[in-house]
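All chains, full assembly: derive it from the sequences and hints.
Number of protein chains: 2
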Amino acid sequence: MTRGGFSCLGLRRDRAALALLALLFLAPLAARADDGYRLWLRYDRLADDALRRNYQAAAGRIVFITPAGTASPTVAAARREIEAGLAGLLGRAPQVALEQGPQNAALGDEGYSLGFRRGSGGRLMTIAANRDIGLLYGVFGLLRHVQTQQPLASLAGTSRPGIRRRLLDHWDNLNGTVERGYAGFSLWDWFALPDYRDPRYTDYARACASLGLNGTVLTNVNANALVLTREYLVKVAMLAGVFRPYGIRVYLTARFSAPIQIGGLKTADPADSAVRAWWKAKADEIYSLVPDFGGFLVKANSEGQPGPQEYGRTHAEGANMLADALAPHGGVVLWRAFVYDQKVPDDRAKQAFNEFRPLDGRFGPNVFVQVKNGPIDFMPREPFHPLFGAMPRTPLALELQITQEYLGGAVHLAFLAPVWKECLESDTWAAGAGSTVARVIDGSLDGHADSAIAGVANTGTDRNWCGHPFAAANWYAFGRLAWDHSLSAARIADEWTRMTFSNDPRVTGPITGMLLASREAVVDYSMPFGLHHLMATDHHYGPAPWVDNLRADWNPVYYHRADAEGLGFDRSPSGSNAAGQYAPQVAQVFGDPAQCPEQLLLWFHHVRWDARLRSGRTMWDELCLHYQNGVDEVRRWMKAWDALEPLIDRERFDHVKALLRRQERDARWWRDACLLYFQQFSRQPLPAGVELPGGTLDDYRAVELHFVPGSPKNW
Amino acid sequence: MTRGGFSCLGLRRDRAALALLALLFLAPLAARADDGYRLWLRYDRLADDALRRNYQAAAGRIVFITPAGTASPTVAAARREIEAGLAGLLGRAPQVALEQGPQNAALGDEGYSLGFRRGSGGRLMTIAANRDIGLLYGVFGLLRHVQTQQPLASLAGTSRPGIRRRLLDHWDNLNGTVERGYAGFSLWDWFALPDYRDPRYTDYARACASLGLNGTVLTNVNANALVLTREYLVKVAMLAGVFRPYGIRVYLTARFSAPIQIGGLKTADPADSAVRAWWKAKADEIYSLVPDFGGFLVKANSEGQPGPQEYGRTHAEGANMLADALAPHGGVVLWRAFVYDQKVPDDRAKQAFNEFRPLDGRFGPNVFVQVKNGPIDFMPREPFHPLFGAMPRTPLALELQITQEYLGGAVHLAFLAPVWKECLESDTWAAGAGSTVARVIDGSLDGHADSAIAGVANTGTDRNWCGHPFAAANWYAFGRLAWDHSLSAARIADEWTRMTFSNDPRVTGPITGMLLASREAVVDYSMPFGLHHLMATDHHYGPAPWVDNLRADWNPVYYHRADAEGLGFDRSPSGSNAAGQYAPQVAQVFGDPAQCPEQLLLWFHHVRWDARLRSGRTMWDELCLHYQNGVDEVRRWMKAWDALEPLIDRERFDHVKALLRRQERDARWWRDACLLYFQQFSRQPLPAGVELPGGTLDDYRAVELHFVPGSPKNW
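Here the protein sequences line up with chains G and A, keeping their order. Here the first sequence is numbered in the working numbering, starting from 1 and rising by one per residue. Here the second sequence is numbered in the working numbering, starting from 1 and rising by one per residue.
These are calculated hints, taken from the structure and not from any lab test. Predicted, not measured: the structure shown is a model, and the values here were computed from it. Among the hints, erroneous ones may be present.
[Stated by the list, open to error] Covered stretches of chain G (chain A as the covering partner; in silico rule of three or more C-beta atoms under 8 angstroms from a C-beta of chain A):
id	segment
1	171 to 182
2	189 to 199
3	659 to 665
4	698 to 710
Glycine is no exception: its CB is placed at the ideal position from the N, C-alpha and C atoms.
As structure tokens, this is what we get:
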């Protein structure tokens, strides 16, 4: 928006050019300090001279081509970005021209094509798109190509997104706190809005647009109806105005009881005509302020949130009322399938399927059901959610969690692309082999025109946006997968590392190694073999497998079911038969301990301590060794990171080093607390290679943490 | 601490050198973007070439001189600062040497002397001090001299602080929120501590040290006992370690009931030997972790905080118990005089005096009684507190509020140096003419060796530290006055403007004009003539003179006493006689409406609407004209600011412009709401020159703001 905000990131490149100069004055530095604010949009001069000259020659003049061929705020944003970006990377800003060109159906609404052509003054680079936003995406594609030092020869080509709505869900409260936020507080300064537009909003939009994200849900799913009052809607409209040139539409969470709380009605019953009229008028008001408003995200009848069931109506009836109000304006409803019943179910993992599958076909055309990747709640590892493939008549939105609620907050290094790829590539067998979750989500399996994917954001007011210097890799990975779910985790890790740290292979090798190993390490030291929900109450940081005093399905003991015989939740046909919620081909694999992938074994089966796993070792021994391996892996990263000291700037080096030290300590805490606890049941010694615990079980039980970030209990 | 953190501010100067280069690449900018992070420590190249060359010649070699002559972390910090500072300002880092020299009694523990001498290679600049911290203060003094473009000829001289303890009081909660904080959230990331030391902590220490501040109370006076547990004390120790080289000692708030809450005792009675032993052991523990710990700040028996009165003990008995525990280690207790009784007093303004004056002489030698500048609570204008001069046997610490709780948060421009100067220069007449509050506070009036001044901080996680780009002027002003209370508000405003914006007189003239006019403008549009406590409940933002439904002495109507006859609180001998709490010479002036300064008239007197003021106009007319003048003044700033557009960087220009627009709107809101409300009683028309209100009184009464920053109700 403001040039100030724009140049706030853009200008940093001047620091690169003067790094040498700075070294003359200051105590010697390993590398320039870097506070991480620029994320992956670092336009520092390319170190590879030959490549830089190559690009300089090719990218001196760039032509934007659209069917309209006319300027717009989006075209202006694309132009500013390419000028600042290449000025930094290549040392010279390009000349940019805009011209009219033909439609290209292959590019769709948001795709772009990069190429070259001969012009009067020599070679020109071209960025073509059907709509202006495609130009901006093309600019970011070009910059990524240069930033990651890809050869000029491989630049030409086209790209378009596989999923239509690519959203960040912010669990941000109006008081500035962020539920499950670990990187400071909310980016949205509601009190200063609408008067003051923080330049950071623009940088947020740039970062999102650089990945192709095109929607943002500003508010927490545990919603406050106040955001739907005019007082707040004018603030929302101002944010929407900042984001609009970057192709980002604003969505809000709708508290189902809003007609009562801010509307003065006595009921929120979706069958009540006054309620329906209230929502219609509210939608009209919103669209009068935000003409491209995206729609509502709703958490209803879950964890105390109000919903249609209070009035004897179904989720579909509730969702459709809101959808009807939005439909005339082109808005959608994203209705969450994450539901918790008031009464304890026989198996919590089965509840969403049981409630939602019967409703398939009952939702309005502009309703998505938004389903988490797994049936419990963003655990380090879950099987894919059984609803995927089970509701062919309803477009399902996939909800992923970028913020690390159960994977160490902003303290632990945990790259989540492997979690998400695992889900996306899972075969539901809903329409035979190859019916992957990805194909359910992108609409291709069931022929849905509209499609959506959402990531619960990990952003906050921390200067580096995401807290842990590596956590931005998850924002990056989510955006890249939302655009193209076929990208590999390794490719994404490589891109992010090159753009964020360095193209130097001495750097990219170790860092991508850490990234790609990290999720499995976290699984190992916290919840291996499909164990889940072993974490401490409320804040979800650290181990507490012993907790048994809450509502049954909030207790870790409900999930791990450790006893003298063995460990794990029997969800096979002999148990809750949650496995039976999957397509038969999948149910058979999950439901049979001999076929079930070992990484999910204790999710689906109660396994004897002395059962032999594929390695030939017993369940108990393998469990112990996995916990130990998680710790060892973190120690390997510590060594690898220390070796990078000469190649990383001091500020980020020190930060990561401090966090790895803490992650190692936490990994030992997880290992020791869990193994001592389970050992009460297994009554077996730790196998060779597993370190003795640092404390007693009572020590670990006595640990009480205060004010762990992100916990709603803090405020 | 870390070089990264240090260079985080220091390195910015390279952006200056490349500003020109940047202009070649980017859309034209009025001036470089500036996010305000560097505060007044901007070491951009001096624009005045002749002066720069002059300084280059003189400051090429600098000698640090102390009696010890040995290196230390403080010497290293001083060296880094002068190297980075002069490299930026002059384009060349000096050579720095350290040598031994004589004690200089005139400099005391913290003072410094700047000078020149001839050396082998020509002229040398010298910075001499008795202790290393004096060198650091000398470095900042030298840098300020250069930054404000003072002539080299006026550099030589000495400086030492007038007050011994110069403290920031942070009302920061352990959950990260800041009571009455308007610039984001707490700077202290308790969860990341002690592992991760944010480089920002070092920059905080640099900013404080640059002003000579030497203590920081990390936690809210509405205290959480948890900070005294070992879990938190190791975190405190880490912060103390970061601050130590910068001469800053850490203090904590002590919750009086901590022995119960974290000590497992049944009582917190200061006469109980177990309680006394607990505090002694706790003090020992703290000093084992933080050897230079400053001491405890305590709010007791006030606004619901626990205290000794619950056990029938006096404030002195409570304070002395803590002081006894700290005494062996050299710590002090700062015991707040801001007390609210459970029952409503006849005049709230009299309460602290009534409770504390009888205790003079009963406090231990290491106890301060900490007194706010005025008897109510940081209003835009108050008379000085009657306790000043009334407790000669007790060292009194002066508590000022840097954060603008009652002056528009971080939205309104309000430079507070005039508020504080007004207090410091007030003559208490306690020991005859010239017994100023400043002399009470610095210990000179009553011969106290120890002395203290505290400012409630306005810092937070906002990138620019204080929210409003002008709010850092208040941090700056507090620090400068704490060092030298004889400095004028104009001098401080000029320094800050030069260091923060520019030495260009086209900039310094208008900005210092705005700064120096701002406090009176806020008084005018909100609470002129000594009106006070007219603000809205809880969040204290905006007008609500009509509130009458709270505990009596929390209601605005309790304070303004508007009726058909007139306006104001009669505190003369015919009323509550709060005026009688002052020395007779002062009491006579305040108590007589004919002598009372008009700016405090309604504080001390109930004045008829038709009474004639010195202008010849009636009370009502003058009241209206003052409200109007406050609005007009803000409009003058808006014009002045707009004219500065070519001379201010885009980011700060836009930010201030947006805030001034809002301040003007708020000023009208204050004016209209208050005048419409008072008009019900005066039953007189608005005089000529006063604009008609924009709404009705009912409109203003209906205003309800949500989540106003800083309100404890938000969390």
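Hint check results:
Three residues within the 8 angstroms Cβ limit are the bar, and the segment 171 to 182 of chain G against chain A gives 4, so the coverage statement holds. With a cut-off of 8 angstroms between beta carbons, the segment 189 to 199 of chain G has 7 residues touching chain A; three or more are needed, and the interface restraint holds. Look at the segment 659 to 665 of chain G against chain A: 3 of its residues bring a Cβ nearer than 8 angstroms to a Cβ of that chain, three or more, so the hint holds. Here's how the segment 698 to 710 of chain G fares: 4 of its residues keep a CB closer than 8 angstroms to some CB of chain A, so the rule of at least three is met and the hint holds.
When each numbered hint is compared with the structure, no violation occurs for any of them.
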